[in-house]
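*Asks:* So the sequence lines, in the order shown, correspond to chains A and B. Mapping to my numbering: the first sequence position 29 is 29, numbers consecutive. Mapping to my numbering: the second sequence position 183 is 183, numbers consecutive.
Misleading hints may appear alongside valid ones.
In silico DSS-like pairs for lysine-lysine, Cα to Cα no more than 30 Å straight-line [unchecked claim]:
#1 B/Lys222 - A/Lys173
#2 A/Lys179 - A/Lys122
#3 B/Lys10 - B/Lys133
#4 A/Lys268 - B/Lys222
#5 A/Lys293 - A/Lys268
#6 A/Lys122 - B/Lys133
#7 A/Lys214 - B/Lys222
The hints are simulated quantities; they were obtained by calculation from the structure and are not laboratory data.
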Amino acid sequence: MNNLQEGAQKDITLHENLQHVSTQMHHHHTHTSDSMHTDGHHLLQVEHLSISFERYASQGSFFASEREQVHSARDLSVSVHAGEILAVVGASGSGKTLLADSILGLFEPNATVRGRIWFDGKPQTAETLAQLRGHGISLVPQSVNYLDPLMRVGNQVQGWCSSAANRAERERKQQELFKRYGLDLSVANLYPHELSGGMARRVLLCCALMDNPKLIIADEPTPGMSLDLAVRAMDDFRFFADAGGGVMLITHDVELALRVADRVAVFKDGTVVEETAADNFSSEETLQHPFSKALWRAVHAWDKGGESHA
Amino acid sequence: MHTLIRQLLKFCLLMLAVSLVVFFLVSVSPIDPVQANVGQAAYVTMSEEKRVQLELYWGVDAPFWERYVNWLGALLQGDMGTSLRFNAPVAEVIAQRAGNSLVLMGIAWAISGVLGFVLGVVAAAFRGRWPDKIIRAYAYLLASTPTFWLALIALMVFSVWLGWFPFGFSVPIGMAASDITVADLAHHLVLPAATLSLLGVANIALHTREKACDVLESSYVKFARTRGEGGFTLIRRHVLRNVALPALSLQFASISEIFGGSVLVEQVFSYPGLGQAAVTAGLGGDVALLAGIALVSAALVFGGNACANVLYAVIDPRMRTKKQAKGVFHVDDTEAGAHA
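Build out the structure end to end from the sequences listed, making use of the hints.
*Replies:* Pasting the structure below:
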């Protein structure tokens, strides 16, 4: 029941050459100078996304139980531009991962999904989103648990391919990526449990880059790292964004988001309450929503306390 | 080396415990071996001296620990004792019957393992849809079916009504041993082996399905999906691999179940194997034979589990590296030095 409604494609205004500044508002959000509207559209645009799950109501007898809809996301709009890192910030368990799953076209069978998703200027359906997996949109998951424990790392980074010629090509690319990210070529022969945290993080990134994505969705990619370490780990994403890719960084860590992201989408109760340039977090006045302001105060109270994150 | 000694010690303790239990159970059994073995009519008309002589032969009055110590002493010298019921050395009786039983159990074990694995993976791949429903219905039905009942039904349908297979035994009745062909043996083996495998399949299919479902819901399968993998490729690359390990230990653990099932199946089909001999020995108070069979079957199950452990260590990379010295991997592990 994936009713990703195809909406009529909006009339896209070409404002590729427009200089955006932090305070300028359009499409429900503000921009930074990094945000590019390549070919006149957002790399990823999610509009009015609602996700609900059908489940049996807890009251009533076993056989005559009513069904009810549980809403996990409602009226969620967010955009990622080429060349930028957009951080989606919200509390753990507030449904951020559901947003990632929706963009990847991974729907639970009992989920009803409504809204519009555009990728690279084209409206998407559940089917086309599934086709984009590994062919345009790639996920960088949070931990080594996302690797098959019984398969050698090199084979996993290369992924599946149909022909032998293709295989050789992918192996070459995998070695190139390993070199670029400071991984010894012998790492390819290790199993996931033999990787250290830092190696695992780079291997997961290589998995995503293997498929030449335009958009990377990073779901809590820096678990258990100190802020400084996490910021440095994000260099790789910065590098990717600077080369023209888009990154959606999903995190619960506001400080990390403010340090590395160009723009921040504040996520609360299944929706984005404010999508704004990270620079606007420099003062409370430039923030619109009460929850964003509360976040701002929380971050600054933390700083005044003089406690170090690292 | 250390683990080998520990395994050997475990094995010896297991053998001791199993034999002790057998001797104890026989000693508290209400069956009078003399009465059970000579028959009711002969027992009543028997003279007193003859009865005492027979009681001495069967060791009725000897306390159980004395019999146990005697038996154990002989066993340590390589003598498994004499089967009083078959009037032959226990080792000989077991050797003769183990051949039949091992073929029967081996076939059932292999078929149930392979078929159960395939059905389990197919059910998981189609979970919630009709192939899954059919396989599960079949498995639940068979898993809740008593072995002897299924054996009786098979006997009724295929031997009595259809006449395709013989009623029992491992060879045609009244045929000289030299005239018996492999085809005869196979013909007698089909029904018991089929019954035994059918029951094993259900269990293994259900367990495999559960494991495969767990794998399909795992993080790494989700990640593989986000990379565009799906369908049969996903099953082949990730599910088969990860389900194979638990399936392997399940398969070796199922040896004991197959053994238990074979006792009932051999009884119904009058198939002269270890299971049937165990029943005869138990009912006849033939403690030496019963203990011998118990030891052989316990050794078989122990061996199966040991095999599973060894194979696990060979196949699972996580177990393998534990054994290697730590610090084999000196790969650069600093956060710095990302893209050069």
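*Asks:* For which of the previously enumerated hints does the structure constitute a violation, in increasing order of number?
*Replies:* 2, 3 and 6
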